[in-house]
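Please build the complete structure, drawing on both the sequences and the hints.
Residue numbers (the working numbering), protein chains in the order written: chain A, 1 to 351; chain B, 1 to 291.
In short, the hints are calculated from the structure, not lab data.
Quantities reported herein were computed from a predicted structural model and do not represent experimental measurements.
Any given hint could be a false lead.
[Said to hold, decoys possible] A few chain B residues that don't get close to chain A, going by computed Cβ distances all over 10 Å:
id	residue
1	3
2	93
3	107
4	132
5	238
6	255
[To be verified] To spell it out: a stretch of chain A is covered by chain B in this simulated footprint if at least three of its residues, at any positions, have a beta carbon under 8 Å from a beta carbon of chain B; those stretches are:
id	region
7	40–50
8	82–90
9	231–237
10	259–265
[Said to hold, decoys possible] Here are the simulated BS3-like pairs of lysine-lysine, each with C-alpha atoms no more than 27 Å apart in a straight line:
id	chain 1	residue 1	chain 2	residue 2
11	B	121	B	278
12	A	125	B	238
13	A	125	B	121
14	A	125	B	129
15	A	145	B	263
16	A	222	B	278
17	B	238	B	278
Don't be surprised by glycine CBs; every beta carbon is placed ideally from N, CA and C.
So the chains spell out like this:
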Amino acid sequence: MRRVSGIFDTSYIQDMSIFRTKYYSLGIAILILFFLILPLFGNDFWLAFVSTTAVTVIALQGLNILAGYCGQISIGHTAFMAVGAYTSTILATQLGLPFWLCLPIGGVGAGLVGLLFGLPSLRVKGYYLALTTIAAQYLIIYMIKTPFPEITGGAIALHVPEVKLGSFVLSTETHFYYFIMMMLVIMTFFAKSLMRSHLGRAFVAIRDNDIVSEAMGISLYKYKLMAFFIGCFYAGIAGSVWAAYVRVISPDDFTLTASIWQMGMLIIGGLGSTLGPFFGAIFIGALREICVIVGPWITSIIPQMGAQISASLVEMSFGITIILFLVLEPRGISHRWEILKDSYRFWPFSY
Amino acid sequence: MITFVQLLISGISVGFIYGLIAVGFVLIYKSSQIFNFAQGEMVMFGAFLMWFFLGHMGMPPALGIILVLAIVGLAGYGLERFPLRPMIGQPILATIMITMGIGVFLRGLALLLWSTNIGIKFPDIIAEKTVSVFNVPISNVTIGIFFFGLILVILLSLFFNYTRTGLHMRAAAENHQLAQSMGIRVTQAIAQSWAIAAIVATIGGFLLGYVRGIDFGLTEIGLIAIAAALVGGLESFKGAILGGIIIGVAQTFTGGYIGYGLKEVVPFFIMVLVLIFKPYGLFGLVKIERV
Chain A
1 MRRVSGIFDT SYIQDMSIFR TKYYSLGIAI LILFFLILPL FGNDFWLAFV
51 STTAVTVIAL QGLNILAGYC GQISIGHTAF MAVGAYTSTI LATQLGLPFW
101 LCLPIGGVGA GLVGLLFGLP SLRVKGYYLA LTTIAAQYLI IYMIKTPFPE
151 ITGGAIALHV PEVKLGSFVL STETHFYYFI MMMLVIMTFF AKSLMRSHLG
201 RAFVAIRDND IVSEAMGISL YKYKLMAFFI GCFYAGIAGS VWAAYVRVIS
251 PDDFTLTASI WQMGMLIIGG LGSTLGPFFG AIFIGALREI CVIVGPWITS
301 IIPQMGAQIS ASLVEMSFGI TIILFLVLEP RGISHRWEIL KDSYRFWPFS
351 Y
Chain B
1 MITFVQLLIS GISVGFIYGL IAVGFVLIYK SSQIFNFAQG EMVMFGAFLM
51 WFFLGHMGMP PALGIILVLA IVGLAGYGLE RFPLRPMIGQ PILATIMITM
101 GIGVFLRGLA LLLWSTNIGI KFPDIIAEKT VSVFNVPISN VTIGIFFFGL
151 ILVILLSLFF NYTRTGLHMR AAAENHQLAQ SMGIRVTQAI AQSWAIAAIV
201 ATIGGFLLGY VRGIDFGLTE IGLIAIAAAL VGGLESFKGA ILGGIIIGVA
251 QTFTGGYIGY GLKEVVPFFI MVLVLIFKPY GLFGLVKIER V
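Below is the structure:
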């Protein structure tokens, strides 16, 4: 565990605290204040960008627990988001359940489906497990598209009823912004706390060496399935929130490509740290927006480039970014962030 | 009955192409223990490149095919130097994501170059007509692909059994250190296997594109090929071909008798079943390890 040098613990509470220095607490307070007052001066574009990124971060926290802490590779994470989104939407439309009930049920539903596809992890690992999750991606989307089109809407879009919390209707961009940011804070806090508990330590032990951790009395059976449940629960919550936010969902929103993007974001941000998902989602989100802006600009200079320039730029820059990060900094931006903090603290010495 | 035989034959011929692409996949896995998730994108990109030379620029088929195969071979050779050599000894997640990164990049490049070319086809190389085999009408293209694939597989297995380069690659696959101590350049052998995989993928893309047209959907074939390789066991060429045929036949049968939606996912059903009940496939090496 990383410890700040020069700060000494004199009580157990201090030893267990998340925000260890006063600058850290101050920074977090400023950040929270900034996001609280953002709707006052930010326009809808920025609010939408922050909300979209925040939903991605919620999903990535789950993927981080599954792949970053427990080492179980999942390249089907958006499929579990789809399970959550469709479960909560169908419960709301078919049974008329209120949103505050649909949201956790959607999460639990996604967690249970994740449990099902986590079962092979007890027998296979590495590449084989990655293949299982890819298969999960296709099978889940197939289950949404084909067998029950009258319930799931088939291959075409499914409309989400309007979201009410009590008697309050979430309708504007600002409402959703506050709601999503609240969810983000809750889910991040939950993830951070879980990973500091015995559960997180067991996950890390399994990631580092599964045979040794079994010898030390960690039940692989129990903890691997638990990792799948928690990871997919997060995906389900993110999916439900996403469905409520965009109001229209279709199977085409949850593709293998999107799952690969999520895994890429996690790698760029840094596996196995709570900050990693934030860095990754913001970095890739910004990269995508830049490509979308630069694309038409290139087309205006070289008209032969065609209309798909933005889409192709997004994909090419994402591919190159992933390759460069894996070769040059496989531990991601969060590792660089730690180095930056250290060099600030030790300045003017280099270590 | 006639539909049954027709479906069987078209399944076998499509399965042969799957098997071919799976051979490229197995080749890379054997030589460097890397799962190439970019195989599908290589197939798609190769098909588009082939179309660019044959259809767009109108080269004579023989010249164009040889030129394209040389280009993709060189590109595959170069891929080993960057970004794959730094990946030796890295965690599995890194190797998975690097090949996926290559795949995403290739798809972006193809979008940039050819996104406006919709509904394109290769120029006819052989005139299509229907011939009757045992009273069952079959397109001569199907038969052509079948024999072409058969010849290619025989050539590949001869290459791996009798040529010096092929034997070097097999030695590198067995054990990197041991191969190095015998004077084999392992990095070169891996690079050669990537080159051959790229060539095989392009040929697969060409054949598939000839049958069903060239579009970005060809990317899906990569994952189907992985399923085929998995069914056959990851270390075996004949297993890859057999797995390809099994999956191809399963696909055409479900497409013909049940429905189109299931046809798309049947490879993944088979993949999950194999992973749960027989993770090392039909001919794979069984690694005894408690997970």
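Numbers of the earlier hints that this structure fails to satisfy, in rising order: Hints 2, 3, 7, 8, 9, 11, 13 and 14 are the ones this structure does not satisfy, whereas the remaining hints hold.
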